[in-house]
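Below, each chain spelled out in residue letters.
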Amino acid sequence: MKRVSIVLTSMLFLALFLALGTQAFAQTINIALANNPISQALDKFAKANYKVPGVTINIAVLPENDLRQKLTTEASMGGTTYDMFFIGPYEANNWARNGWLENLEPYFSALNQTRAKWYDRADLIQGMVGSVSLDGDAYAIPFYGESSFIMYNKELFTAKGLKMPNEPTWDQIYELAKKVNDPAKGIVGMTMRGAPGWGMSGAPFVTIVNAFGGRFYDMDWNATVDTPEQRGAWQMYKKILRDAGQKDILSYTYNECIALMQSGKCGIYYDATSIAPPLESTGSKVKGKVGYVMPPHQKMMTNTAWLWNWSMGINPKSDDAKKQAVFDFMLWATSKDFIKMTVDTDPTGGSTPPASRSSTYLLPAYKKAPYAAMTLKTLESTDFTKPTLEPVPYVGLQYIAIPEFADAGTQMTQWLADYVVDKMSLDDAISKTQDLFNQVAIDGNYRK
Amino acid sequence: MKKKSDLPFALPAIILVALMTQIPFLLTIAYSTLRWNLSRPDLPVKFVGIDNYLFFLKAPKFPMLPEFYSILWQTILITGLTLVLCTVTGFLISILLNNKVPGVKLARTLMLAPFFVMSTASGVMWKTTILNTTFGWYGVIVKALGGAPVDLVSYHPLVVIIFLFWWQWMPFFVLVILAGLQSIPLELEDSMRVDGVNWWQSTFLIKLPLITNHIRVAVMLGLVFIVKEFGLILVTTAGGPGTRSYTLPYAVYMQVFNANNVGRAGALATITVLLVLLTVNLLYQSIKKRNAAAA
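Protein sequences, first through last, are from chains A and B. For the first sequence, position 6 (counting from the first letter as 1) is numbered 6 according to the numbering used here, and the numbering increases by one without interruption. With positions in the second sequence counted from 1, the corresponding number in the numbering used here is that position plus 1000.
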């Protein structure tokens, strides 16, 4: 009996030792990504190809609004649920200032020569790197970038004898969308994000405001929502979606818009340049039939697109070993090798992260993509420091780079949604938004 | 001899329960007096007294009321109508299920099924596979009948939310009310039959008064559960369009996780808890009064 006890006790200790040993050497890295096509592709590639001894990658793919809320709470509360933050320039700018992101410069400095040469940091598109840096130090690495443009179904346009201008105005887009719209045949004239959220319907909407010459604040941080320019933008967004848009307007995130455009039953689609690859991928009914032109303008003639990137940063609260493991993963996911692997696996470019590296546009398969040239052109046309016709005290094209905009922008899009489906008058929606933005300026101590 | 108090024996348990249940609430009240925005660590956390409450309650542009009042009204409407629907249909279905007919056990089990489905799962199921105008059954059926489906989630969000709440919570009411009906003595049923009481009289004039307490308990518990229901709203309408299907708990969630405003979320949460406590207390008092009268 005694012998049995000794054997059992020894086995227990051995199991405990092994468990602790594994714990000590194995790293589990928790990552949350947005549920857009390129990030979903990263999820698949990472699960299949990222093999580093002792490192397990745990990836959760979340809807964009949820991801933003979760990560902001995590960062502000100093949580360690996620070791890598998947964020954009809006967050990176504020978070780096707040100490919620790890400075990446020491990690880059510690790279040996071979690895530094392999990674080729200079090849990263500097505008994108700059948007997630603070005082010259990188706080995140862009995974992929995007601007916005118009995508249209050439087949439907030809059938109706229509022609898309290379640089359309919003008025022209509206007229064309109405002509293409054919509910009897199930054809939708134009689709845009309708689901509220500052990064959802807010993205196309704020660029419409910019194009119409509207702004959200004057230089003294007085709200300027109640202006004819803003009203014009609100009315344009509504009339496009109501007169020629999808039926379930407010349920449409970009995923539903993509599905509708891919089905071949939609004439025009205004969204991110990174949406183009899925339209050209195998299985899409509009593959090879989509035309790409510049984002619409109106009163403001240029710089009417948006600029965004999804970048990877390190949670400063994670332990050092995890931070290093996250950095290694980030290097892998943003390397030339990763990009080449995605093109080799999916030659349509549908899984390849665009606008992160200059060398991507030299890859023969990618250069051939019908959207590549227009993507570069729109990226080059954007300047997120001068978003509006008249001067403003903020930067950001489809957002205002202040922490309060996540909430204020979301509330604004909720009233916009109300207005679109006739639950609120334009006057009420504008008046509420005007009051809200004034309140934000006061609460945030912006107004001196 | 003076009787010793039992308090010292009960005190540790009272302290433990108080600590576990009341500390989060007391902290919420404390937070509600602070100006504290998590996304602005550069702004100091500052005591602002009742400013956060006034932010929601005061109406500077009267008669135009601030958003809080419409959200409060929506919460009352959603909770109240759901409770009424659940009670009426729950009672009628319980009457049906209280009959001894073949298959009644299976019917009771099936009837309870929606109660055991996670609210987020049922929300996604209803939104995407049933109510969607393009891919859902509703859209397909309406189109097949020659009609044009209306996007119910966008245009009638309150109706959708109330219906889904009813679908989810009605089985709970059936469970409680059926238990009440089954507790009615068989002798009473025999007497009713002997006295020639018809169905209408036996159901509404005899059985209903007998199970009033069960119904009140179901309503009281239903109120507590339904008023804090959150997942269904998040996955179906996300509070929209605008804030048309916001309830107070959903507004609290948005204040914390979207606006990162701990102070205002604390104030809103405190107002919500006070309103629920007040209503539950009124219901509880009415049950107590009735029991006292019966005794």
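None of these hints come from the bench; they were simulated from the model. Keep in mind that the hints are not guaranteed to be accurate.
Said to hold, decoys possible - According to the in silico footprint, chain B covers these stretches of chain A (three or more CB under 8 angstroms from chain B):
#1 158-171
#2 249-257
#3 308-314
#4 420-428
This structure is a prediction, so every number in the text was calculated from the model and none was measured. Here a beta-carbon is modelled for each residue, glycine too, at the ideal position from N, C-alpha and C.
Do the hints match the structure? See the list:
1. Counting residues of the stretch 158-171 of chain A whose CB falls under 8 angstroms from any CB of chain B gives 0; the rule of at least 3 is not met.
2. A count of 3 residues in the stretch 249-257 of chain A with a Cβ less than 8 angstroms from any Cβ of chain B is obtained; the coverage claim is therefore met, three being the minimum.
3. Chain B is given as covering the stretch 308-314 of chain A, and this is violated because 0 residues of the stretch bring a CB closer than 8 angstroms to a CB of that chain, at least three being needed.
4. Beta-carbon proximity to chain B at under 8 angstroms applies to 4 residues in the stretch 420-428 of chain A; the threshold of 3 is reached and the given coverage holds.
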